[in-house]
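Asks: Given next are the chains, with one letter for each unit.
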Amino acid sequence: MRFHFKTSYDHDIRLFPDRWTLSVYGALLVLMLVLPWIIDSFYLGEVTNVLIWAVAGLGLMLLTGQTGQVSLGHSAFMALGCYSCVIMMENGVPILLALPLAGVLTGVIGAIIALPALRLHGVYLAIFTLALAILADDVIVILSPWTGGVNGKFAPEIWIFGIEINRWANPASWYFLALGTAVVVTLLYRNLLRAPLGRAFAAVRDSEISAQAMGVDVARTKTLAFGLSCAFAGLGGALLGLFAGAFNNETFNFLISIQLLMMIIIGGLGFIHGAFLGAIVIAFLPQFLSILTDNLGSASIPGLETGVFGMLLIAFILFEPMGLYGRWLKMRTWLELFPFARRDMFRRQKTYLKTERLR
Amino acid sequence: MEVMQLLLSGLANGCVYGLVALGFVLIYKATEAVNFAQGDFMMLGAFVMIGLVNPQYLGMNFWLAVPVALLIMAALGYLLDLTILRFMFGQSQTAVVILTIALGFVIRFVAGVIWGHEPQSLHSPLALGDVRAGGVVLSLADISVIVVTLLMTVLLWQFFQRTKLGLAMQAASQNQMAAYYMGIPVKRVQGAVWALAGVVACVAGILYASKGTLDISSGFIGIKAFAAAVIGGFGSLPGALMGGLIVGLIEPFAARYFPTGYSQIAPYALLILVLVFRPNGLFAQVRVKKV
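Residue numbers (numbering that gives the first Met the number 0), protein chains in the order written: chain A, 0 to 358; chain B, 0 to 290.
It should be emphasised that the hints constitute simulated quantities derived from the structure, not laboratory data.
These numbers come from a predicted model, not from an experiment.
Certain hints may be false.
Sample of chain B residues facing chain A (criterion: CB under 8 angstroms; computed from the structure) [to be verified]:
(1) Leu-102
(2) Gly-111
(3) Gly-260
To spell it out: a stretch of chain A is covered by chain B in this simulated footprint if at least three of its residues, at any positions, have a beta carbon under 8 angstroms from a beta carbon of chain B; those stretches are [as the list claims (entries may be wrong)]:
(4) 130–140
(5) 255–264
(6) 343–351
Every residue, glycine too, gets a C-beta built ideally from N, C-alpha and C.
Produce the entire structure from the sequences given, and follow the hints as far as they go.
Replies: Written out as structure tokens, the structure is:
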């Protein structure tokens with residue numbers, strides 16, 4: 000068991016609380032850097048996929064996990080990021096500029112959309128964003144002169160400093176692009192949580208009324224949360240589209256945003272680790288299921304993937320609302336406190352619901 | 000005449016949306032949760048009916064099968080509450096929202112395994128015959144949809160206004176602890192409302208399947224029913240019906256008079272407009288909480 004003796008206020012907001020944590024994450028970074036020389040190119044592609052999903056998941060995590068607003072419309076913002084990035088690249092903008100610009104553009108548009116959505120909360124926001132996600136599909140078709148409509152678009156060649164980033168010829172280059180983006184987004188996210196804005200996010204999540212009483216500008220905080228969340232989702236969407244190579248109006252349908260939401264819940268709501276763990280589940284579940292059905296000798300069952308996904312999600316919400324990372328935290332606490340851990344330490348408090356409805 | 004025809008077919012479609020929206024409102028009124036799986040409930044109800052009636056399955060008499068299907072769906076609704084939703088008692092709305100989304104996925108998967116992924120049609124006596132009056136053609140199914148929906152709305156409305164159970168449901172949603180103090184068995188009341196929602200979904204499903212073919216993604220009309228419920232103001236039963244009718248009427252007219260590509264966005268655009276300008280629906284029931 001480690002003890003933290005705090006000798007300055009900076010200890011509370013350090014990026015890494017102690018040397019041990021720093022070395023663990025350092026080791027992880029080194030492992031990720033040498034990964035292309037350890038595993039074969041198929042699995043490298045899968046890991047790239049995980050990292051891309053994690054970037055998009057971090058976007059939704061910021062909104063749902065940190066600020067407590069549910070969005071079912073992040074597929075629309077992923078599409079926006081993807082199309083804007085590709086259109087910029089087709090007009091000669093280099094990817095290192097186009098990718099962040101696509102994120103910023105998505106973020107700004109997301110924040111503008113959030114302005115009216117701010118007055119909504121809970122279920123209404125979820126429905127509003129669901130409608131956005133469905134509209135996005137039709138809007139892409141209507142804007143077919145730019146977006147290619149149902150025929151879709153092909154991702155342009157990607158060149159960074161004279162190196163071609165190609166998924167098939169050079170999977171490691173794609174891997175490093177995704178890894179770089181994921182690291183930058185994670186660092187941004189982590190630093191955001193240490194800043195006053197991140198604290199305001201948590202305050203709004205826990206109680207809007209008390210946040211207001213503490214002097215947090217709820218409307219501004221929510222708009223910023225939505226905008227930043229959309230920016231990350233846009234980045235993730237741009238990477239996803241470029242990685243897939245071809246995409247059309249159905250690539251980013253509203254099921255993608257539901258999948259994104261399930262991902263962060265299975266991973267663990269409110270934890271950065273949760274986005275990555277959830278992305279691993281999302282990326283490897285289809286493979287795992289196909290291996291399983293092959294071994295059992297049965298024909299593939301259509302819709303099995305979403306069905307299993309739904310059941311997993313129900314199981315997590317009922318039995319482990321803190322997700323995979325929450326389960327790990329519990330195990331770690333149990334080990335650290337051994338033999339003093341108590342079963343009721345993580346018991347959920349009994350709550351009763353009240354409404355603000357009058358009739 | 001053409002306008003008349005569009006109007007009537009829109010009304011019939013709108014009534015189906017209204018019926019699904021009634022299911023949303025029922026659950027919302029009594030448990031303060033929103034059942035995102037209501038559309039899939041409807042799909043399941045219709046498939047249960049197909050399983051009972053169609054010759055390749057059980058081949059029962061249609062009118063005999065209706066109460067059986069309603070009973071099965073009621074039992075299913077109650078069981079779902081008993082086994083899954085009761086564990087979420089007192090948890091936040093959003094957790095329930097996500098849970099019901101997942102439930103919808105599971106229901107679609109189970110229905111796909113049992114009844115397959117091909118579109119099927121219900122052997123319904125309502126699907127035969129049509130009525131012609133003054134150049135307007137109305138199928139029997141359309142007429143029965145409109146009649147049954149009006150009947151259901153009035154019945155449920157009165158149920159919530161007058162009966163003891165209906166009032167207990169409303170009390171249980173407004174303040175669970177206070178409802179307990181008043182001697183209301185809150186959990187059992189919530190089970191009852193899920194059973195009721197199953198029945199309403201089954202009725203909607205039977206009528207929907209009588210109007211056309213059904214496949215496992217039919218449940219996605221639940222999203223249009225959302226638009227209906229939101230336009231009506233989510234806590235109001237007649238509001239849900241009104242919302243359903245508005246959405247149902249917009250669709251055929253938009254398809255007729257708007258350029259292609261723009262018509263299917265009309266219901267969602269309306270939903271967004273209503274949420275932006277009248278966030279609590281046209282029949283508002285929410286007031287801002289003061290500290």
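Asks: Determine for every hint whether it applies to the structure shown.
Replies: So, going through the hints one by one against the coordinates:
1. Among the interface hints, the one on B:Leu-102 holds; its C-beta lies about 7 angstroms from the nearest C-beta in chain A, closer than the 8 angstroms criterion.
2. Interface hint at B:Gly-111: satisfied, since its Cβ lies 5 angstroms from the closest Cβ of chain A, which is below the 8 angstroms cut-off.
3. With 8 angstroms as the threshold, the beta carbon of B:Gly-260 comes within range of chain A, its nearest partner Cβ sitting at about 5 angstroms, so the hint holds.
4. Residues of the stretch 130–140 of chain A with a Cβ under 8 angstroms from some Cβ of chain B number 7, which satisfies the need for three, so the listed coverage holds.
5. Counting residues of the stretch 255–264 of chain A whose C-beta lies closer than 8 angstroms to any C-beta of chain B gives 4; at least three are required, and the coverage claim holds.
6. As drawn, the stretch 343–351 of chain A meets chain B at 3 residues by the rule of a beta-carbon pair under 8 angstroms; at three or more, the given contact holds.
Consistency with the previously given hints is maintained throughout, with no hint failing.
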